[in-house]
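Asker: Below are the chains, spelled out letter by letter.
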Amino acid sequence: MRVGLFLTCLNDALFPAAGKAVVRVLERLGHEVVFPAGQTCCGQAHFNTGYRRECVPLARKFLGDFAGLDHVVSPSASCVAMVRENYPELVGQSPPVFELTEFLVDVLGVTDVGAAFPHRVTYHPTCHGLRLLDLGDRPTALLRAVRGLRLIDLPDATHCCGFGGTFAVKNADTSVAMGTDKARNVLATGAEVVAAVDNSCLMHVGGLLSRWRSGTRVMHVAEILASAP
Amino acid sequence: MSVWLGMPPFPEAAREALADTQLRANLRAATATIRAKRAAVVAERSDWEQLREAGRAIKDRALRDLDTYLLQLEERVTAAGGTVHWARDAAEANRIVIGLVRAAGADGVVKVKSMATQEIELNEALAAAGITAVETDLAELIVQLGHDRPSHILVPAIHRNRAQIRDLFRREMPGAGEDLTDDPVALASAARAHLRREFLTARVAVSGANFAVAETGSLVVVESEGNGRMCLTLPEVLISVVGIEKVIPTEADLEVMLQLLPRSATGERMNPYTSIWRGTTPGDGPREFHLVLLDNGRTTALADEIGRDALRCIRCSACLNVCPVYERTGGHAYGSVYPGPIGAILTPQLRGPDPVADSLPYASTLCGACFDACPVKIDIPRALVHLRTKVAHPATEQSTMRAAAWTLTTPRRFALARRLVPLATRFARLPGPWRKWTHTRDLPAPEGESFREWWRRREGSP
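Chains as they are written, first to last, in our numbering: chain A, 1 to 229; chain B, 1 to 462.
Since the hints were derived computationally from the structure, they do not count as laboratory data. Every residue, glycine too, gets a C-beta built ideally from N, C-alpha and C. Treat the hints with care, since some could be wrong.
Claimed, not checked - Derived CB-CB ranges, DEER-like:
#1 A/R144 - B/A188: 48 to 58 Å
#2 B/R426 - A/R217: 11 to 21 Å
#3 A/R28 - B/R412: 24 to 34 Å
#4 B/R102 - A/T158: 25 to 35 Å
#5 B/F427 - A/H119: 29 to 39 Å
#6 B/E268 - A/I152: 49 to 59 Å
#7 A/T158 - B/T281: 43 to 53 Å
#8 B/A80 - A/A188: 24 to 34 Å
#9 A/G109 - B/D65: 21 to 31 Å
#10 A/R217 - B/E172: 49 to 59 Å
#11 B/R64 - A/E32: 45 to 55 Å
#12 A/T158 - B/A188: 57 to 67 Å
#13 B/L430 - A/R144: 30 to 40 Å
Required output: the full structure, derived from the provided sequences and hints.
Answerer: What follows is the structure in structure tokens.
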């Protein structure tokens, strides 16, 4: 299958490993990945902050960048939710975008991607993955199939980490209070790695874990799935 | 709608609340308890989603033909011996109530907990007119004795724990002895003794209503303590102040609403007291009944295609109890009688623009827990985003967002900007508004090959 990669602007700027991981996983499963080089940003930050008008040209550009592709896959639940939920109203249509884990499980019918990652991992279901995309147990099913990986339940897993896009800056104190509780719950699991399907949330929680010098790492689920035996 | 004088916008008010560790502990314990209870009783119903859908449909039907149903309600209430008054805003509603209390020759009223009268600040208006108002709901009484503000729609004193309430009763409640303990039974008994005298002597009662049935002219109050039943039956004059969005078309609609409300609100299958009354009945209950129908911004909200969904709200507080922002900041930070997610969309619409109201649509991470919990399926995140497009944006934010949009519309500009990122993240502290990030959190500092370099290298290789 020929699959378009929607990297997202945040991953492009700060988390290139997530994009590389998606390519490795899909190629390992025998699919061809194309990367439309003109792509930038889906406009979610603008849309959610109340700059709807500024978002329209970004949405139009997105449609052009990914035109002609039957499947567009992204390592970001929240950007996929933005395109799927809001583009129809903004620009009249929504391209066929999938979050990586739903693409693997629903479209390709795969839960074992042949990865190995011998570490203790806890999983944070990000709000947009959980509630907008309704990913359910797809990400954890994929993680459980990884050789050597021990998945540990995260207390209060479904509670928001407090990132919330511009909320993290506009309401920084509340955001940090929420993130602190999330990071403490992560530490309570004793996991070496906290994984998620959104690097934005991981940037927030990981930023706290890093400031505390906790030694616990954040990783995108794609990176774990890309780890070869 | 009243502005809480001196309240700062949400981020600033939240900062103060976050620093209060006792408040955060009280809130966490209380909301976690209600959340667990609600989840258990909701899980018992296999038809919960159908009930929610029915609740949404009933409220939408009522709002779609609101004028028709309100006129029908007026006709039925009048036919049953009641009097209907229409109040455009808070001042008009307060004037009507004060006039009615004076006409009854009373200098005091007993009150059932009512959000509508909180909204119009009736107690303050009555006090200014020399009329004493006594709140008879236990939590409202705690708030009133403490010269405090309610911080939750359903549990107005959620921010106080038992020890704080005991101290307050000892200090402020006539007849509460020095030996009063913080045992809930002892606290409730002290309040009961205090209130009994008020119930038996009051000649006028003021209530709100959870529902107003157009078909029959019936008003409905749902409560847990029996104080409402006392107020609704004992005094000679009953005045109910009701928002116009509380009307539902038929009595059969109560079948749905009375299943949704208690489960969502207190996590109970059924609430202890449901009182339904209609006009007056000779020899039984109040001799006079007045219904004050309150607009106070509701018709403005109704005119907004997305914002109007907030008028479906049945004031159950389920959204407050699941909201991670509310759980940490408490209700006072919202600067309004309607706190939490529903307050963040209702307050700006009822009140109109001001710095506090403009900050409220941003008091959310858009996590969506409120939408999942709402028994009438109000898409609160969607309404929040919609209202964010309508508020005044700070000039620096506007220029930043526009510059970002400009940068992101061409790959060349984006590529240039992206090259600056590794440089920026090398600083432990970022400049400007981004300082708020690096003050407490590290930023990732990507090393090595960018995605695009890696991709080009692979594509270029044979």
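Asker: Give a verdict on every hint.
Answerer: Results for each hint:
no.	hint	in the structure
1	A/R144 - B/A188: 48 to 58 Å	holds, 50 Å
2	B/R426 - A/R217: 11 to 21 Å	holds, 20 Å
3	A/R28 - B/R412: 24 to 34 Å	holds, 33 Å
4	B/R102 - A/T158: 25 to 35 Å	violated, 53 Å
5	B/F427 - A/H119: 29 to 39 Å	holds, 31 Å
6	B/E268 - A/I152: 49 to 59 Å	violated, 35 Å
7	A/T158 - B/T281: 43 to 53 Å	holds, 50 Å
8	B/A80 - A/A188: 24 to 34 Å	violated, 60 Å
9	A/G109 - B/D65: 21 to 31 Å	violated, 49 Å
10	A/R217 - B/E172: 49 to 59 Å	holds, 53 Å
11	B/R64 - A/E32: 45 to 55 Å	holds, 51 Å
12	A/T158 - B/A188: 57 to 67 Å	violated, 35 Å
13	B/L430 - A/R144: 30 to 40 Å	holds, 38 Å
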